[in-house]
Structure formats: C-alpha cells, structure tokens
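S.K.: Given the structure of chain A, go ahead and fit chain B onto it with the hints provided.
Protein chains: 2
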Amino acid sequence: MTDTITLSVDAMGGDNAPRAVIHGACLLFKEHSNARFIFHGRQELIAPLLEEFAVLKPVSTVRHCETVIAMDEKPSQALRKGRGTSSMWMAIQAVKDGDADVAVSGGNTGALMAMATFCLRLMDGIARPGIAAIWPTLRSDIVVLDMGATIGADAQQLVDYAILGSALARCLFDAESPTVGLLNVGTEEVKGLESIKEAGRILSDASGSGFTYHGFVEGDDIGKGTVDVVVTEGFVGNVALKTAEGTARQVGSYLRTALKSNLMSRIGALFATSALNALRHRMDPRTVNGGVFMGLNGIVIKSHGGTDEIGYKSALNLAYEMARANLIEKIGDTMKRFPIKAAPAATDPASEAKPA
Amino acid sequence: MTDTITLSVDAMGGDNAPRAVIHGACLLFKEHSNARFIFHGRQELIAPLLEEFAVLKPVSTVRHCETVIAMDEKPSQALRKGRGTSSMWMAIQAVKDGDADVAVSGGNTGALMAMATFCLRLMDGIARPGIAAIWPTLRSDIVVLDMGATIGADAQQLVDYAILGSALARCLFDAESPTVGLLNVGTEEVKGLESIKEAGRILSDASGSGFTYHGFVEGDDIGKGTVDVVVTEGFVGNVALKTAEGTARQVGSYLRTALKSNLMSRIGALFATSALNALRHRMDPRTVNGGVFMGLNGIVIKSHGGTDEIGYKSALNLAYEMARANLIEKIGDTMKRFPIKAAPAATDPASEAKPA
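Sequence order for the protein chains is A and B.
The first sequence maps to residues 617 to 972 in my numbering.
The second sequence maps to residues 617 to 972 in my numbering.
Since the hints were made in silico from the structure, they are not lab data.
Be a bit skeptical, because a hint or two may be false.
One copy or two, either will do: identical chains are not told apart, so a pair holds if it fits within one copy or between any two.
[As the list claims (entries may be wrong)] Straight-line distance between alpha carbons at most 20 Å, and here's what the computed PhoX-like set of lysine-lysine pairs gives:
{"id": "1", "residue 1": "LYS690", "residue 2": "LYS807"}
{"id": "2", "residue 1": "LYS813", "residue 2": "LYS690"}
{"id": "3", "residue 1": "LYS673", "residue 2": "LYS807"}
{"id": "4", "residue 1": "LYS712", "residue 2": "LYS946"}
{"id": "5", "residue 1": "LYS876", "residue 2": "LYS807"}
{"id": "6", "residue 1": "LYS697", "residue 2": "LYS673"}
{"id": "7", "residue 1": "LYS712", "residue 2": "LYS813"}
{"id": "8", "residue 1": "LYS697", "residue 2": "LYS946"}
{"id": "9", "residue 1": "LYS840", "residue 2": "LYS813"}
{"id": "10", "residue 1": "LYS690", "residue 2": "LYS876"}
{"id": "11", "residue 1": "LYS646", "residue 2": "LYS813"}
{"id": "12", "residue 1": "LYS946", "residue 2": "LYS840"}
{"id": "13", "residue 1": "LYS690", "residue 2": "LYS952"}
{"id": "14", "residue 1": "LYS646", "residue 2": "LYS952"}
{"id": "15", "residue 1": "LYS646", "residue 2": "LYS673"}
Isolated chain A, as found in the complex:
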C-alpha cells in the first residue's frame, strides 16, 4: 500500500455535478490529507471549482473529457457513446491503468455498471457483478447485496455474493469470519426458492472458510442486524433497500408531525433539540451514501446521483476506506479459502440472469 490513496472521480456524474463532487472531495481531504484526486470531466467547469476549493489544487489532477453520460441513457447507448471518451469511462480506466486506487461516480447506475464490467472485467470465478449496500442496523452497519446489478440469481451466484459480501464485511468491520445469512420468506429450511435452498446447502458445507454461515434470514432481520452479510438477488435487494428508505422517511415524517401537534410537544422538541438533531443525522441518507460494485478487478463506488457535497463526501470516504483496506486482495483471499468452488448451479427457473 502506498502512503497516498488516489481516487479517480467522475466529476460530471449526478445532478449537482461538478460542484457537489468537488466540494465533497474537499470535505474528504480535510479529514484524510493523504487522499489524492484525479477528476475526469470538463476542464472549463472543474478548473474554477479547484480555484474555489483551493486546498484541493495541489493534490488534484484534471483529465479533460468532452463526453458526459446522461442520467437516462441506456447502458448499451452509454457504452457506444462513452467508451474511451466519457468522464465515467475514464474514471474507471484510471483504476485499470493503475493510476488510481478506486473510482467514484454519481452517474447513471446501469451505464456505470456496464462500463465498469467492460473495462475492469469480472474476477476469475465470478459469473456476474453485484452491488453491495452498507446498511445501518440496530447492532452495527452490515453489508447487503445484490442491490440490483442484475435480476435473479442461481445458487452459485448467491454463493458468489456471499463470498464477495464476506470480503467486504472483513474490510469494513475488521471481522475475521463475518456471519452470512440468505434472505428468504421464512427461516425454516423447507421454505423458499430452490436456488436459495441449494445456496444454503453449499454455504453450510463451506461455513468457517472466511465466513460463518448463519442460515436463512427474513426482511426484519436486516434492521435488527442479525448477520453481517445479507445475500439476496438484485430485484429483492433493490425493493428491500427502497422500501426501507421509504419507511424511514415515513416514520421521520410521523415524528415531525407529532412534535408539532400541540404547544407542549413543541416545547418538548425545543428541549430535545440536540438529541433530535443527533437522530436526524443518524437517519440522514447522505451519511450512508455509496454502493460498492463487487466482483470486478477493481473497486468502483456508485454515489447517489441526487445527493449534495455531504453525500459525495460519504461516497468518497467509502471509496477511500475500501482502497485503504485492500478490498480486492481480501476478496481474492476469501475466494481462495472457499473449499468448493463452482459446484454445478441448481436448475432453478427463477434464476435466469436478466439485465436490470
């Protein structure tokens, strides 16, 4: 590991780019002075921002790209148009070339995943990429994947997610053998899809080699933090994440309404201002911003496109931590420890891969 961590940043990705991106980088640098940046995008837009956030200037390089991938572009279009030329592609390419340790973009998820897979290629032994979320729970943060990189997964792909998720958990939580659960509609062994039951059998046999297999978990086990890594296919993972976000906003709204409901509650809210601010911070989705692309020969972090500098700082910070913790090495190590690799996948009609 070098003394510095270099982040390759798509400065044009997201609704508030490039300002929020550069501002977020500035916030990260104030915490981590060994961070270095390569910003990809329009020179004429980025240069003035580096004058404004002048502390970044000595630690940043700008690589000019004319092409910017739109938020609504289809992955195939984006690849045709942006391969080798767009800020998104060049941000990833810098990781491939060894110029940077990690790439970050707030651009269109489908396009970013297509480009990252095309440019960095899948790791040996991994059939499909995944997107992992870091999910705050009552116990601690946990890893949940896949968040929608692909739809459907057969048994072997779920096992791959378990390996990838375990490696990520080892980086994040410093746990030697993180616990892994398969998301299902019940915890009994007889329930659920054949693919999940088969993955459970494979993981149960391999438990102890870089992770500890817990068994099936249900939706409410995510918020409880029952396990360190929750494994599911992309459709379910995506719906679960967004449903949880929606519920958190809903409860937050209930609370605001309740505290405004009468004079006494308004007075109470005044007394509790600092506690309520701490709660607001804890529930702020910007503080847990960042999806980790898993299964590729390089680290790519996806930021929410609609976020601000606080959100970008979180995504850049996640990228920084993943690079510092040597995520790719840890994945390789976890894969090597896994005793049985590529057992023939169970034939499950629900598991055919489809692009999200």
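M.R.: Structure of chain B alone, referenced to chain A:
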C-alpha cells in the same frame, strides 16, 4: 346483508390463544354490537373465558374441536390431520356453509392458506390465491399484495392480483377506481422482469375498468402511498413487508435512545409525552394486524400469531369491515368489468409457481 355480522373464529390459533382471541372479540363487540361470534376450539378452555368476558356470552356460539394445528406444522400435514376436525378448518367451513360471513385465525399461515383454498376453492378465473396487507403510508392506508401466499407470479397472475387488490381497495377506501402500481426496480418501461412488463401492458390496456393503472412503482413508493394498490409476487412482497416492519422498529429504537441521551432530551420527552404516545400508537403494528386472503370463495383473515388482544381486535375488526363491505361481491364486480380476461400468460422463467 343481514343486520348482524357473524365472525367465525379459530379460538386456538396463535401463541396467546384462546385468551387473547376471546379478549379481542370482546373489544370488537364493544365497538360493534351487531357482531356475532362462532368460536371453534376446546370447549373446556373457551367456556371459562366466556364467563370472564361475559358480554360475549349471549352473542357467541362455541363449536368444540379436539384438534389444534401447531404453528410449525407443514401445510400438507395440517390438511391431513386437521381437515374436518381442527378448529382452523371448522372456522373456514362455517363460512362455506353460510353460517358465518368471514373467518379469522391467528394460526400457521401456510396451513390456513392450504385449508382455506381446499375448503372454499378458488374463484372462477383466478389461478392462485394471494394475501393482501393493509399498509399505512404517508397519504393513507393502501393495499399491497401478494405477501407470500405463493412465490413467483406470471403476468396473468399479477393481473389477477391487481383485480383482487382493486376490489379490496374499493371496500376499504370507498374509491370507485383505485390506482394500481406494479412493483419494479425502476419506473421506466424497459426495466424489470418480463412478467412484470407484460402485466403492465395488460393493465394499461384495461385501465379504467374498476381501477386506474398508474405504471411501475418502486419500493419507496409504498411508504409514500403513491398508489392505492401495489402489486408484486409473494417473495418480494413478503420481504418488503418484513423489511419495512424492521425499519420502523429500528427508527423507533433510535428515537427512544435519542430521547434518553441527556437531561434536556428527557425533559423534552416529558413535555411531548402525549404527542409521543400518539406516535407510538400510530406505529403500533398491532393496530394494522390482519392479512386478507384473496381469490377464494369466502373471506378469511389471518392475524399475526404472536399478537395480543389489541392485535386480535384489529384483525377481527378488519374481518368485520370486509364482511360489511361485501368484499366477495366487489371482487366479482371488478372481475366482470375487466375487459380482457385470461390473456395467455407470458412465458417467464422467473414465474413458476412454488409453494411458499
């Protein structure tokens, strides 16, 4: 409709049966004096409770059943053992025989669904049953189905859920043409499983006949209340519901911790006691207890097994309202209005039916 509404109640279903069941019935009767009860279960256990909740005695009948279905019994076992003899079966049978308007049980979901389907049979034109949840949202309550009656759904089964859910929404919300959304991983028409896209085309063509088709919705649209009816297959619906329950508990726990964090916040919480109690009541899962079995020739309501008298009262109240609103008739009416029925289902590998 008769002046009275008769509820056929499995008095033995759930962890706190029969006490919590009878107590819950007593709470319902205090609000709805035209409710009548048939309790199925062990005479020797139920009789003393009717002495205790004496107001129920003149409006209740007890039908003795020796057999009780255990919470962990497999549906097939339960059917073999309990058909024609168990309190669960007999509660459903009374609806079939016309002795009661609706059946309620807090017993094992799989067994209850198997017995209800076997006893009441599927409605003409419906291929599979579903379980609908009444989901509180920022706008108002909405209907979400399927919650896990079955796993996977092809396009036609999703369309059936849309019809069934619309009828339920018409009963609950008095809306003439409820809005319907298909749960997906994106709102663009190109995204998601083939079965969902095909269902979207069918519903779009039929929009206006008893419901208004909104389009695709995402997980966070549930909590927002974007539509009156959210349609999804059972695995995803089950995970979404449990994830939302887990998130609500998590945020509630964050709030309690925050309000205890310092002296000022404790004082604030004292001032806001009545508002916080109202919030607690609003978030109390017992107040929205009850899954509605859909697609059968009779109404069956599933209560959470682990709930108390407040929870049972909610489930019984839901049953009472469904019977009073003539749910079965409204479903028939919605089906009749639907212009194209039983279009050949799209071949989708992800849609093969599997028992949950």
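S.K.: For each hint, tell me whether it holds in the structure or not.
M.R.: Hints versus structure:
Proximity of LYS690 to LYS807 under the C-alpha cut-off of 20 Å is restricted to the inter-copy arrangement: shortest distance 10 Å between copies versus 37 Å within a copy. In this assembly of identical chains, the alpha carbons of LYS813 and LYS690 lie at most 20 Å apart only when taken from different copies (17 Å versus 34 Å within one copy). Within a single copy, LYS673 and LYS807 get their C-alpha atoms no closer than 57 Å, and across copies no closer than 41 Å, so neither meets the 20 Å cut-off. Taking CA atoms no more than 20 Å apart as the test, LYS712 paired with LYS946 passes inside one copy only; the shortest distance there is 18 Å, against 60 Å between copies.
When the C-alpha separation of LYS876 and LYS807 is checked against a cutoff of 20 Å, the pair qualifies neither within a copy, at 45 Å, nor between copies, at 41 Å. In this assembly of identical chains, the alpha carbons of LYS697 and LYS673 never lie at most 20 Å apart, being 30 Å within a copy and 76 Å across copies at closest. For the identical chains of this complex, LYS712 and LYS813 are neighbours neither inside a copy (37 Å) nor across copies (37 Å), given an alpha-carbon limit of 20 Å. For the homomeric pair LYS697 and LYS946, neither the shortest alpha-carbon distance inside one copy (34 Å) nor that between copies (52 Å) is at most 20 Å.
Proximity of LYS840 and LYS813 under a CA criterion of 20 Å is satisfied in neither setting, with 23 Å inside one chain copy and 34 Å between copies. Within a single copy, LYS690 and LYS876 get their C-alpha atoms no closer than 44 Å, and across copies no closer than 49 Å, so neither meets the 20 Å cut-off. Proximity of LYS646 to LYS813 under the C-alpha cut-off of 20 Å is found in neither arrangement, the shortest distances being 47 Å within a copy and 47 Å between copies. When the C-alpha separation of LYS946 and LYS840 is checked against a cutoff of 20 Å, the pair qualifies neither within a copy, at 26 Å, nor between copies, at 40 Å.
In the homo-oligomer, the alpha carbons of LYS690 and LYS952 never lie at most 20 Å apart, since the shortest distance is 36 Å inside one protomer and 40 Å across protomers. Neither within a single protomer nor between protomers do LYS646 and LYS952 lie at most 20 Å apart by alpha-carbon distance, with minima of 37 Å and 66 Å respectively. In the homo-oligomer, the alpha carbons of LYS646 and LYS673 lie at most 20 Å apart inside one protomer (13 Å), although the nearest pairing across protomers, at 73 Å, exceeds that limit.
The earlier numbered hints that this structure contradicts are 3, 5, 6, 7, 8, 9, 10, 11, 12, 13, 14.
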